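Number of protein chains: 2
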Amino acid sequence: MTITNDFTHNLIVKRFEHGSVADREEKVVAERSISLFVNGNETVRLMALPDQIEELVTGFLFSECVISKNENIVQIQFNPAAMSVEVRLAEHIQPVFNDKIRSVTTGCGRGLTFISALNSSFFRPVTAETTINPQTVIDLMRKLQRKSSLFHDTGGVHSAAVAVADEILYSADDIGRHNAVDKVLGWLIRSDRLTQETENSGMLLTTGRLSSEIVTKAARGRFTFLISPSAPTSGAVQLANDLAITLIGFARGERFNVYTRSERVLLP
Amino acid sequence: MTITNDFTHNLIVKRFEHGSVADREEKVVAERSISLFVNGNETVRLMALPDQIEELVTGFLFSECVISKNENIVQIQFNPAAMSVEVRLAEHIQPVFNDKIRSVTTGCGRGLTFISALNSSFFRPVTAETTINPQTVIDLMRKLQRKSSLFHDTGGVHSAAVAVADEILYSADDIGRHNAVDKVLGWLIRSDRLTQETENSGMLLTTGRLSSEIVTKAARGRFTFLISPSAPTSGAVQLANDLAITLIGFARGERFNVYTRSERVLLP
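Same order as they appear, the protein sequences are chains C and W.
Just so we're on the same page, my numbering is the position in the first sequence counted from 1, plus 26.
Just so we're on the same page, my numbering is the position in the second sequence counted from 1, plus 26.
Hints in this document: simulated from the structure, not taken from any laboratory.
Owing to the predicted nature of the structure, the values given are computational and were not obtained by experimental measurement.
Just so you know, not all the hints are guaranteed correct.
What the hints assert, rightly or not - Each pair of labels, with its calculated beta carbon distance range: (1) W/R150 x C/D192: 49 to 57 angstroms; (2) C/R150 x W/D218: 45 to 53 angstroms; (3) C/V47 x W/A108: 33 to 41 angstroms; (4) C/R150 x W/V47: 23 to 31 angstroms; (5) W/F104 x C/H118: 41 to 49 angstroms; (6) C/N159 x W/N226: 57 to 65 angstroms; (7) W/S175 x C/V100: 46 to 54 angstroms.
From the three backbone atoms N, C-alpha and C, an ideal C-beta is built for every residue, glycine too.
So that you can see chain C by itself, here it is in the shape it has in the complex (with noise of 0.2 angstroms):
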């Protein structure tokens, strides 16, 4: 295995292909296991893309609900040769993680909302009236696609982004989909841009399936819509609607299927 770059390595494969066999050059993609360490005590180990690592770890600690802004964190330093980061927080910051029940994914680790990950009521409702051309959800998943070419390399990889308007601000590629979407809110967090754009008119894009957990997501960083060119489940149909987030799946070519809270989509 010849380590290309950072994020791929190149390694020669054997292709089965119609009855034959060829030895091949392939790209897959890169995984490590990265330590956080946070107020200097080991919390967790992600299995993750090592790129966007400080947003990583930003947007995790903002998923598990242990901190909601970027002034909780006073230093956030990584290691790469330990592949570890030292997250040191605010002091009124309790690093507390719920160690009794624990999730399975992602999800709120100190009990609330991924206990309660089908129960919206810890959440607040979207109220925002913005609207979305179809055009416009068509394009920006085409740009996603586009945006990246570790996919493109390696098929190992899912996206996720943050857009507003017709416009991405932010992407990043992880080999899960929650990291990607973790990736996303860690630099939402980190340039202090969670209120001011995202609220009212901000698109989440992914390309992973649409489970409560990815909505619970949505509804953390208070996005308005939720795209995707995969499936939902019904738990995420059901708390988008509670939520009144505005939920998109399939989104493939020209095609997309609006689940929930459809009037933010004009019509044609």
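Dock chain W against the given chain C, drawing on the hints supplied.
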């Protein structure tokens, strides 16, 4: 949202397509929060497709290294109204989950395998000398994809299966790729087939991406082959190589790539 059965919900969505819009009935896959009580204590909540729940829970406990065989479970009781599962373990089994260093996705909760998901020393390498015909790989993946009527209906699930020779013994769907594999492991445990049929010639099929955590689960189930239509990560390739598992990715239509231990795939 009309509940059609336990596994899908019917709902009316707005389908935007090529500049027009129409109401359309769509199925979405059911997602439930399943509470797992171990010896009376709530331990985790799994967001999952509410099917094959005993297998899911058994496989989860096995993946987390809480149990190693069916006898370790004295009783398992599912309460559909509460969506809860009560598991009573044999007296000598300590239901210790590692709460200190938490894994974000499913891994060995005791911290042994997950923490060293990229460190293979916890597992014995596979020593099987079984071989497989290229056509078998192609046929099995086709069979797996035909089996999943849920995927055809909803586009929102991953499938996993165990196969021996050219036969699928058991398959499972879930909204998460980890859960689907756990259901397969759970079935193996519950039917006491783990060592008999899979140790030497077992194939773990999955439709999900191949990250190191999925290889860890394959190793936990002593599978010789791990096959998917999706891409592997660098961590998966490294771990499969260390554990002498034959890792096959991009198994689509008439082709596939063999990333590790290709000597087990017969040349055409």
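Checked hints:
Restraint check, W/R150 to C/D192: a C-beta distance of roughly 54 angstroms satisfies the suggested window 49 to 57 angstroms. Under the hint 45 to 53 angstroms, the C-beta atoms of C/R150 and W/D218, about 51 angstroms apart, fit the expected range. For the pair C/V47 and W/A108, the supplied restraint of 33 to 41 angstroms is violated, since their beta-carbon distance comes to about 53 angstroms. Checked against the hint of 23 to 31 angstroms, the C-beta distance between C/R150 and W/V47 comes to roughly 29 angstroms, which is consistent with it.
For W/F104 and C/H118, the Cβ-Cβ distance of about 43 angstroms falls inside the hinted range of 41 to 49 angstroms, so the restraint holds. Our hint of 57 to 65 angstroms for C/N159 and W/N226 holds, since their Cβ atoms are close to 58 angstroms apart. A hinted range of 46 to 54 angstroms holds for the C-beta pair W/S175 and C/V100, which are about 53 angstroms apart.
The structure is inconsistent with hint 3 alone, although it conforms to all the rest.
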